[in-house]
Amino acid sequence: MQDFGNALELAIRLVASGDSDLMEIIALSLRVSLTALLVSAILGFSIGALVATSTFKGRGAIKILLSALMGLPPVVVGLIVYIFLSNAGPLGWTQLLYTPTAMIIAQTLLITPIIGALSTQVIEDIYLEYKDFFTSLAMSRRAVAGALLWDGRYSLLTVALAGFGRAIAEVGAIIIVGGNINHLTRVMTTAIALETSKGDLALAMALGLILIVVSLAINASVIALNLTAKRYAYA
Amino acid sequence: MQKRFTNGKTGLIPLEVSGLSYHADDRPLLDALDVRISSADRTVIMGPNGAGKSLFLRIIHGLIAPGAGDVRWGGRAMSDDVRRRQAMVFQRPVLLRRSVAGNMDFALSLRGAIDEEKRDALIERVGLGNARDQPARTLSGGEQQRLALARALALEPEVLMLDEPTANLDPASVLMIEEIVNEAHHAGAKIIFVTHDLSQARRLGDEIIFMHRGKILEQTQGDVFFKAPQSQAARDFIEGRIVT
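Those protein sequences? They're chains A and B, same order as listed. Whatever position you read off the first sequence (first residue = 1), add 8 for the numbering used here. Whatever position you read off the second sequence (first residue = 1), add 3 for the numbering used here.
A hint or two may mislead.
Said to hold, decoys possible - Listed below are several chain B residues computed to face chain A (Cβ distance under 10 Å; list not exhaustive):
no., residue
1, Leu-66
2, Asp-84
3, Phe-93
4, Arg-100
5, Ser-102
6, Ala-110
7, Leu-142
8, Ile-245
Claimed, not checked - From the derived model, a few chain B residues whose C-beta atoms are all more than 12 Å from chain A:
no., residue
9, Val-38
10, Gly-77
11, Glu-127
12, Gly-130
13, Gly-225
14, Gln-235
Just so you know, the hints here were simulated from the structure itself, not pulled from any lab data. Note that the structure is predicted; figures quoted are calculated from it, not measured. Using N, Cα and C, we set each Cβ at its ideal position, and we do this for glycine too.
Chain A extracted, bound-state conformation (with noise of 0.2 Å):
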């Protein structure tokens, strides 16, 4: 076990080498969770855009569901997906397990009702205040999304970066799905758990330093995102 000065000391030797090992976990949890990031967005975005539109019998069980399923237990997602996934499963053909897909998945799953409840209720609020004057244009139901989307970029913006926030730090899905195989689907957030675990901090703590550095970065955005929209009235 090693003391904590001497861990700290060697995670940012790690760091400053740019050890091969750390880089390639570094690079698939970003690989990983970009990907999620992707997919979850254009699904919550789609989501959001014909929820907060639409009048159809349902939409406000559709927006409980949502925001009820904000909450969902990494863990439990990761069980769900592993069912699905594993060889007795009905997807057990596919042999996605322990893959990076498989991880894709579990986060994609997690985050789409996050993106989705959040952007419904950003959507809304535009569509409120734009209604009379798209109705007055008639606009068709395409170009109404469009505008709202693109009208709503900043926010949504910050939407996405919470979806992504809760996906790079999450371990409990993909340590399931993922098996934190080395070389493989072994992410920061599995990693640390794993050489925490084992013993060997220092490994943890540059990756537990990075993820910091990203958690930190992704809210200096939100924040900036929202002053440049404050500044612009775009809010």
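Take the given structure of chain A and dock chain B to it, following the hints.
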């Protein structure tokens, strides 16, 4: 003598409204209105607050479905096609979260290609030439409404409807908006202008429709209306007495 449309453009006139009613919680806000607007003149709908003017305008433009009754533009029921030949300027301008030019481009792109020359000329006309790239929502109230008007004109509407567009605006903006509305009228657009401002109604009202408590009390030529109003409510209103 009433003007008639000569350029054959405004097949949407006459506007015929029959039996138009609208209730909110059993309270009649519009009560069995029958009206026909058939001239090419500027029609001003006036009356005290709460008379139902804005609601009437929103219903004839198809933004709100009436409780009962029928609205026909040139014999046709309201449809997307009819609405695309009209434009509306709201009391509180609805501006997109884009630049001044971006707001114009949005309207132009809905009616085909973006003609930058036409766009810039309209922006210039409403006195926003120096603010072309400015975020539209950072403009002052008067500037915002002028942009909304320019954007409506970019649609080249056959019928231009304005819902108290100059309420709470500075006099310079009011003047400019009235001038531009007149220009649009001369270019062949039918104007339907809602206001509760008496002097504005005098300036713009070739034809006056006077509303009170959800009913149309008078529909006459402007000079006739201001000289010899027929109803007590209109007389009170013109003489500046409080009409409730």
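A quick look at each hint next to the structure:
1. Leu-66: Holds: closest Cβ of chain A sits about 5 Å from Leu-66/B, inside 10 Å.
2. Asp-84: holds, 8 Å
3. Phe-93: holds, 7 Å
4. Arg-100: Result: holds, 4 Å to nearest chain A Cβ.
5. Ser-102: holds, 9 Å
6. Ala-110: Holds: closest Cβ of chain A sits about 7 Å from Ala-110/B, inside 10 Å.
7. Leu-142: It holds, given that the least Cβ distance between Leu-142/B and chain A is near 9 Å, below 10 Å.
8. Ile-245: This hint is violated: Ile-245/B lies away from chain A, its Cβ roughly 30 Å from the closest one there, beyond 10 Å.
9. Val-38: Given that every Cβ of chain A is farther than 12 Å from that of Val-38/B, nearest at about 21 Å, it holds.
10. Gly-77: About 16 Å separates Gly-77/B from the closest Cβ of chain A, which puts it past 12 Å; holds.
11. Glu-127: holds, 23 Å
12. Gly-130: Gly-130/B is indeed farther than 12 Å from all Cβ atoms of chain A, at 20 Å.
13. Gly-225: holds, 27 Å
14. Gln-235: Non-interface label on Gln-235/B holds, nearest chain A Cβ at 34 Å vs cutoff 12 Å.
In summary, the structure is inconsistent with hint 8 from the numbered list given earlier, while agreeing with all the others.
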